[in-house]
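2 protein chains.
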Amino acid sequence: MRKSRIYLALLHYPMYNKRGEIITTSITNLDLHDISRAARTYGAEGFFVVHPSPKQQGLLQDIMGYWQAGYGAQYNPDREQAFSILKPALDLLQVMDLIEKESGCRPSTVATDAKVHSRTTSYLEMKKKIQEEEQSFLLLFGTGWGISQELMQDCDYILEPVQAGSDYNHLSVRSAVSIILDRLLGECWFEA
Amino acid sequence: MRKSRIYLALLHYPMYNKRGEIITTSITNLDLHDISRAARTYGAEGFFVVHPSPKQQGLLQDIMGYWQAGYGAQYNPDREQAFSILKPALDLLQVMDLIEKESGCRPSTVATDAKVHSRTTSYLEMKKKIQEEEQSFLLLFGTGWGISQELMQDCDYILEPVQAGSDYNHLSVRSAVSIILDRLLGECWFEA
Numbered sequence: 001m002r003k004s005r006i007y008l009a010l011l012h013y014p015m016y017n018k019r020g021e022i023i024t025t026s027i028t029n030l031d032l033h034d035i036s037r038a039a040r041t042y043g044a045e046g047f048f049v050v051h052p053s054p055k056q057q058g059l060l061q062d063i064m065g066y067w068q069a070g071y072g073a074q075y076n077p078d079r080e081q082a083f084s085i086l087k088p089a090l091d092l093l094q095v096m097d098l099i100e101k102e103s104g105c106r107p108s109t110v111a112t113d114a115k116v117h118s119r120t121t122s123y124l125e126m127k128k129k130i131q132e133e134e135q136s137f138l139l140l141f142g143t144g145w146g147i148s149q150e151l152m153q154d155c156d157y158i159l160e161p162v163q164a165g166s167d168y169n170h171l172s173v174r175s176a177v178s179i180i181l182d183r184l185l186g187e188c189w190f191e192a
Numbered sequence: 001m002r003k004s005r006i007y008l009a010l011l012h013y014p015m016y017n018k019r020g021e022i023i024t025t026s027i028t029n030l031d032l033h034d035i036s037r038a039a040r041t042y043g044a045e046g047f048f049v050v051h052p053s054p055k056q057q058g059l060l061q062d063i064m065g066y067w068q069a070g071y072g073a074q075y076n077p078d079r080e081q082a083f084s085i086l087k088p089a090l091d092l093l094q095v096m097d098l099i100e101k102e103s104g105c106r107p108s109t110v111a112t113d114a115k116v117h118s119r120t121t122s123y124l125e126m127k128k129k130i131q132e133e134e135q136s137f138l139l140l141f142g143t144g145w146g147i148s149q150e151l152m153q154d155c156d157y158i159l160e161p162v163q164a165g166s167d168y169n170h171l172s173v174r175s176a177v178s179i180i181l182d183r184l185l186g187e188c189w190f191e192a
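In the order they appear, the protein sequences are chains H and S. Here the numbering used here is used: the first residue of the first sequence is 1, the next is one more, and so on. Here the numbering used here is used: the first residue of the second sequence is 1, the next is one more, and so on.
Bear in mind the hints are in silico, worked out from the structure with no lab data behind them. Take these hints with a grain of salt, some might be off.
[To be verified] 35 Å max Cα-Cα, derived DSBU-like pairs, lysine-lysine: (1) 128(H) with 87(H); (2) 127(S) with 87(S); (3) 18(S) with 115(H); (4) 87(S) with 129(S); (5) 87(S) with 18(S); (6) 3(H) with 115(H); (7) 129(S) with 115(H); (8) 129(H) with 101(H); (9) 128(S) with 115(S); (10) 55(H) with 115(H); (11) 128(S) with 129(H); (12) 18(S) with 127(S); (13) 18(H) with 127(H); (14) 129(S) with 115(S); (15) 3(H) with 115(S); (16) 3(S) with 128(H); (17) 127(S) with 129(H); (18) 128(H) with 115(S); (19) 115(S) with 55(S); (20) 127(S) with 127(H); (21) 3(H) with 127(S); (22) 127(S) with 115(H); (23) 115(H) with 3(S); (24) 87(S) with 18(H); (25) 127(S) with 128(H); (26) 128(S) with 55(S); (27) 129(H) with 55(S); (28) 129(H) with 129(S); (29) 128(H) with 128(S); (30) 18(H) with 3(H); (31) 115(H) with 87(S); (32) 101(H) with 87(H); (33) 115(S) with 87(H); (34) 129(H) with 87(H); (35) 115(S) with 87(S); (36) 3(H) with 127(H); (37) 55(S) with 127(H).
[As the list claims (entries may be wrong)] Cβ-Cβ distance ranges computed for the label pairs, FRET-style: (38) 3(S) with 53(H): 48 to 58 Å; (39) 70(S) with 150(H): 34 to 44 Å; (40) 132(H) with 1(S): 30 to 40 Å.
In this text, all values refer to a predicted model and were calculated from it rather than measured experimentally. Positions of the beta carbon are idealized from the N, C-alpha and C atoms, including for glycine.
Whenever a hint applies, use it, and build me the whole structure from the sequences.
In structure tokens, the structure reads:
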């Protein structure tokens with residue numbers, strides 16, 4: 001039995017673009033679907049979609065409304081259930097406050113990146129923490145060309161990249177989230 | 001070192017719709033991107049997008065052309081590299097013939113499904129086969145509400161569902177492919 005509570009945040013700012021400049025990325029519809037479905041499958045408590053722009057927040061509300069109260073909820077109730085854990089937020093501070101209010105404690109932040117960092121935590125180590133520690137963990141996922149270094153360094157933990165040994169390592173954020181949830185929260189398929 | 005060669009096929013026929021009728025689904029753009037990127041990251045030899053309709057094959061060629069020869073290849077060379085392993089096919093028989101021509105042997109077929117079947121192979125067992133057996137394996141992924149029972153039963157192996165113990169098990173095909181590739185072909189992150 002897992003003792004901790006797991007939250008995910010999908011960040012759109014401060015991200016890098018392909019030239020290494022700090023930008024705000026746009027919300028991608030299928031990120032919402034795929035990550036909600038994966039987060040719900042793996043028993044996460046909440047999935048925060050973090051975007052500073054009121055217009056993008058409006059788009060997010062429209063999409064959520066369609067699948068939770070509109071025709072989408074009627075057409076596909078599974079999707080309605082997945083979207084029920086999706087929560088909008090303006091910035092990371094708001095996410096931390098919401099989690100603290102809900103769970104009673106401030107979560108430890110766990111950054112993810114396709115790049116290798118000097119200070120990294122292995123999946124096995126993090127899996128053990130998640131199983132054994134009575135606290136909340138917030139997994140941070142970036143968009144665009146990844147989370148800014150400054151924000152990465154502020155996080156409590158940085159996970160190793162997925163499949164770091166590959167000569168090609170360009171997974172979509174939807175794939176990376178799915179694999180990381182499976183490694184950290186998945187059933188132990190590897191024990192004979 | 002992996003001794004086998006791994007191929008993926010994304011099927012659009014014969015699939016179930018939500019009422020359990022056999023249908024042909026449409027090609028989804030992000031399936032092509034996410035699955036090509038994951039297949040390339042995990043060292044698969046080829047990713048077949050299987051669709052019987054000439055019009056949908058035309059759409060597929062347009063998308064592939066943009067990322068391999070058009071502006072997309074120039075804008076994002078990583079994507080060009082991912083799309084280089086994507087191959088169109090009209091049906092499963094054509095896929096089998098193409099793999100036999102390329103690798104010298106007919107592949108063993110490995111079906112995947114979110115439903116539990118009586119005859120299933122565990123991930124650990126399949127991972128060992130992939131590492132140790134000098135042959136080709138073709139992993140089959142469905143769209144819509146899943147692969148028809150008739151086709152499933154014709155396959156050499158049926159993998160266990162991902163996260164079968166969850167009270168909610170509705171991953172996108174993009175998430176399922178990513179997780180299954182990680183379990184079968186990923187680095188051994190779980191050995192301390």
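Hint-by-hint comparison with the structure:
1. Of the supplied pair hints, the one linking residue 128(H) and residue 87(H) holds, its CA atoms being roughly 27 Å apart against a limit of 35 Å.
2. Restraint check for residue 127(S) and residue 87(S): satisfied, since their Cα atoms lie roughly 24 Å apart, inside the 35 Å limit.
3. A distance of roughly 40 Å separates the Cα atoms of residue 18(S) and residue 115(H); the hinted pair therefore is violated under the 35 Å criterion.
4. For a cut-off of 35 Å, the pair hint linking residue 87(S) to residue 129(S) stands: about 25 Å separates their Cα positions.
5. Among the hinted pairs, residue 87(S) with residue 18(S) is consistent with the structure: their alpha-carbon atoms are about 28 Å apart, no more than 35 Å.
6. Pair hint residue 3(H) plus residue 115(H) holds up; C-alpha atoms about 29 Å apart against a cutoff of 35 Å.
7. Of the supplied pair hints, the one linking residue 129(S) and residue 115(H) holds, its CA atoms being roughly 31 Å apart against a limit of 35 Å.
8. At roughly 22 Å between alpha-carbon atoms, residue 129(H) and residue 101(H) fall within 35 Å of each other, so this suggested pair holds.
9. A threshold of 35 Å between alpha carbons decides the hint, and for residue 128(S) with residue 115(S) the separation of about 23 Å falls inside it, so the pair holds.
10. Restraint check for residue 55(H) and residue 115(H): the C-alpha separation of about 31 Å stays at or below 35 Å, so the hint holds.
11. Distance restraint check for residue 128(S) and residue 129(H): the Cα-Cα separation of roughly 29 Å lies within the 35 Å cut-off, and the hinted pair is therefore satisfied.
12. For the suggested pair residue 18(S) and residue 127(S), the alpha carbons sit about 32 Å apart, so the restraint of at most 35 Å is met.
13. The suggested pairing of residue 18(H) with residue 127(H) holds, with an alpha-carbon distance near 32 Å, which does not exceed 35 Å.
14. The hinted pair formed by residue 129(S) and residue 115(S) meets the criterion: a straight-line CA distance of about 23 Å does not exceed 35 Å.
15. Annotation: proposed proximity of residue 3(H) to residue 115(S) holds, straight-line Cα distance about 28 Å (limit 35 Å).
16. At roughly 32 Å between alpha-carbon atoms, residue 3(S) and residue 128(H) fall within 35 Å of each other, so this suggested pair holds.
17. A threshold of 35 Å between alpha carbons decides the hint, and for residue 127(S) with residue 129(H) the separation of about 27 Å falls inside it, so the pair holds.
18. Distance hint between residue 128(H) and residue 115(S) is fulfilled; the C-alpha atoms sit about 29 Å from each other, no more than 35 Å.
19. For the hint pairing residue 115(S) with residue 55(S), the CA-to-CA distance comes to about 31 Å; that is within 35 Å, so the pair holds.
20. Our distance criterion of 35 Å between C-alpha atoms is met by residue 127(S) and residue 127(H), whose separation comes to about 21 Å.
21. A hinted pair counts as satisfied when its Cα atoms are at most 35 Å apart, and residue 3(H) with residue 127(S) qualifies at roughly 30 Å.
22. Pair hint residue 127(S) plus residue 115(H) holds up; C-alpha atoms about 26 Å apart against a cutoff of 35 Å.
23. A hinted pair counts as satisfied when its Cα atoms are at most 35 Å apart, and residue 115(H) with residue 3(S) qualifies at roughly 28 Å.
24. With a CA separation close to 28 Å, the supplied pair residue 87(S) and residue 18(H) stays within the 35 Å bound.
25. Of the supplied pair hints, the one linking residue 127(S) and residue 128(H) holds, its CA atoms being roughly 23 Å apart against a limit of 35 Å.
26. Between the alpha carbons of residue 128(S) and residue 55(S) the distance comes to roughly 40 Å, so the proposed pair goes past 35 Å and is violated.
27. For the given pair, residue 129(H) sits about 51 Å from residue 55(S) by alpha-carbon distance, which is inconsistent with the 35 Å threshold.
28. For the given pair, residue 129(H) sits about 32 Å from residue 129(S) by alpha-carbon distance, which is consistent with the 35 Å threshold.
29. Restraint check for residue 128(H) and residue 128(S): the C-alpha separation of about 25 Å stays at or below 35 Å, so the hint holds.
30. With a C-alpha separation of about 39 Å, the suggested pairing of residue 18(H) with residue 3(H) is violated against the 35 Å cut-off.
31. The suggested pairing of residue 115(H) with residue 87(S) holds, with an alpha-carbon distance near 29 Å, which does not exceed 35 Å.
32. Restraint check for residue 101(H) and residue 87(H): the C-alpha separation of about 14 Å stays at or below 35 Å, so the hint holds.
33. Taken as a hint, the residue 115(S) and residue 87(H) pair is honoured in the structure, with Cα atoms around 29 Å apart against an allowance of 35 Å.
34. Our distance criterion of 35 Å between C-alpha atoms is met by residue 129(H) and residue 87(H), whose separation comes to about 25 Å.
35. Proximity of residue 115(S) to residue 87(S) is assessed by CA-CA distance (about 28 Å); at most 35 Å being required, the pair is judged to hold.
36. Annotation: proposed proximity of residue 3(H) to residue 127(H) holds, straight-line Cα distance about 11 Å (limit 35 Å).
37. Of the pairs offered as hints, the one joining residue 55(S) and residue 127(H) is violated, with about 46 Å between alpha carbons and a cut-off of 35 Å exceeded.
38. Between residue 3(S) and residue 53(H), the C-beta spacing of about 51 Å keeps the proposed range 48 to 58 Å intact.
39. The beta-carbon spacing between residue 70(S) and residue 150(H), approximately 36 Å, falls within the hinted interval of 34 to 44 Å.
40. Between residue 132(H) and residue 1(S) the beta carbon distance is about 35 Å. The supplied range of 30 to 40 Å therefore holds.
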